[in-house]
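Let's have the full structure, built from the sequences with the hints guiding it.
For the sequence shown, the residue numbers in the numbering used here are 143 to 412.
Warning: the hint list may mix true and false statements.
What the hints assert, rightly or not - With beta-carbon atoms standing in for the labels, derived distance ranges:
1. 257 <-> 412: 40 to 46 Å
2. 412 <-> 296: 34 to 40 Å
3. 228 <-> 285: 18 to 24 Å
4. 347 <-> 256: 22 to 28 Å
Don't read these hints as lab results, they were simulated from the structure.
From the three backbone atoms N, C-alpha and C, an ideal C-beta is built for every residue, glycine too.
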Amino acid sequence: MPHPLGIELLTVLGLGPVEHVTLAADLGCKAVSMGLSQLPERFNPHGYAPWSLREDPALRRELKAVLADRGIAISIAEGLGVSAELDAAERAGDMDIFADLGALRVNAVDMGVERARAFDQLAALATMADERGMEFSIEFTPVFTIRSLPEALEAVEYIGAGKATVLIDTMHFFRSGGTVRQVAQLDPALIGHVQLSDVPRKGDDDYMTEAMSGRMIPGQGELPLREFVEALPRGQVLGLEVPLMAAAASGRDVRDYVGEIVKRTREFLA
143 MPHPLGIELL
153 TVLGLGPVEH
163 VTLAADLGCK
173 AVSMGLSQLP
183 ERFNPHGYAP
193 WSLREDPALR
203 RELKAVLADR
213 GIAISIAEGL
223 GVSAELDAAE
233 RAGDMDIFAD
243 LGALRVNAVD
253 MGVERARAFD
263 QLAALATMAD
273 ERGMEFSIEF
283 TPVFTIRSLP
293 EALEAVEYIG
303 AGKATVLIDT
313 MHFFRSGGTV
323 RQVAQLDPAL
333 IGHVQLSDVP
343 RKGDDDYMTE
353 AMSGRMIPGQ
363 GELPLREFVE
373 ALPRGQVLGL
383 EVPLMAAAAS
393 GRDVRDYVGE
403 IVKRTREFLA
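This is how it looks when you write it as structure tokens:
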């Protein structure tokens with residue numbers, strides 16, 4: 143398969159960062175997305191111990207070592223979205239940590255912030271990422287301010303040529319009206335990262351609950367994922383964002399259900 147796979151933070155549902163990287167490497171994946179602290183309790187059905195890369199320098203050192211040893215990249219730095227309460231400048235310390243860990247790019251979502259503030263704050267984050275040698279991507283979702291690929295591209299244009307890209311999450315993309323043709327016609331340089339999961343074409347009324355706990359392994363839903371992947375630039379990393387909450391809550395081992403996600407995705411895209 144020409145597209146290497148990554149394992150996103152939400153897929154491992156609270157597993158520690160070193161274990162996350164080790165699992166990805168053991169499964170033959172090439173990347174992970176990474177946050178700086180344990181997921182909220184509702185996304186940690188296994189009850190994994192709390193961890194914080196902000197507060198634990200030894201954990202940061204251990205993570206850097208295992209990333210280098212196992213050849214895994216941090217494809218996106220997570221958790222640096224735009225907030226109505228927090229100014230982008232307050233993200234400087236977190237940016238420094240991600241840069242030290244070698245993260246390739248910072249990803250941000252607007253969290254429903256008013257449009258003008260969202261664009262200005264995203265531009266500030268893009269500048270901060272660039273100053274630290276990281277790329278910057280914008281994620282869109284139908285229930286926030288930047289709701290679709292065209293709107294994300296407007297934000298990219300506002301920030302300036304070469305300073306930002308888009309993150310395409312297949313659930314958000316197709317649910318916001320996106321088409322495979324849009325992807326095929328998009329300048330490959332504008333695609334910073336891709337998150338792959340499957341869902342029905344139409345969902346229920348609680349979009350974010352579905353996004354956090356109702357996603358399916360590629361091939362189990364109704365999205366045209368084969369055609370979508372074929373339209374992507376060759377070699378584009380596909381980050382698997384498939385939080386199997388029910389499997390985790392049943393006590394099933396993380397290595398087992400994440401291994402199934404990877405195996406089935408490879409079979410589906412072969």
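Consistency of the hints with the structure:
1. 257 <-> 412: 40 to 46 Å: Hint holds: Cβ distance 42 Å, inside 40 to 46 Å.
2. 412 <-> 296: 34 to 40 Å: holds (37 Å)
3. 228 <-> 285: 18 to 24 Å: At 20 Å between Cβs, range holds.
4. 347 <-> 256: 22 to 28 Å: holds (24 Å)
Of the numbered hints stated above, none is contradicted by the structure.
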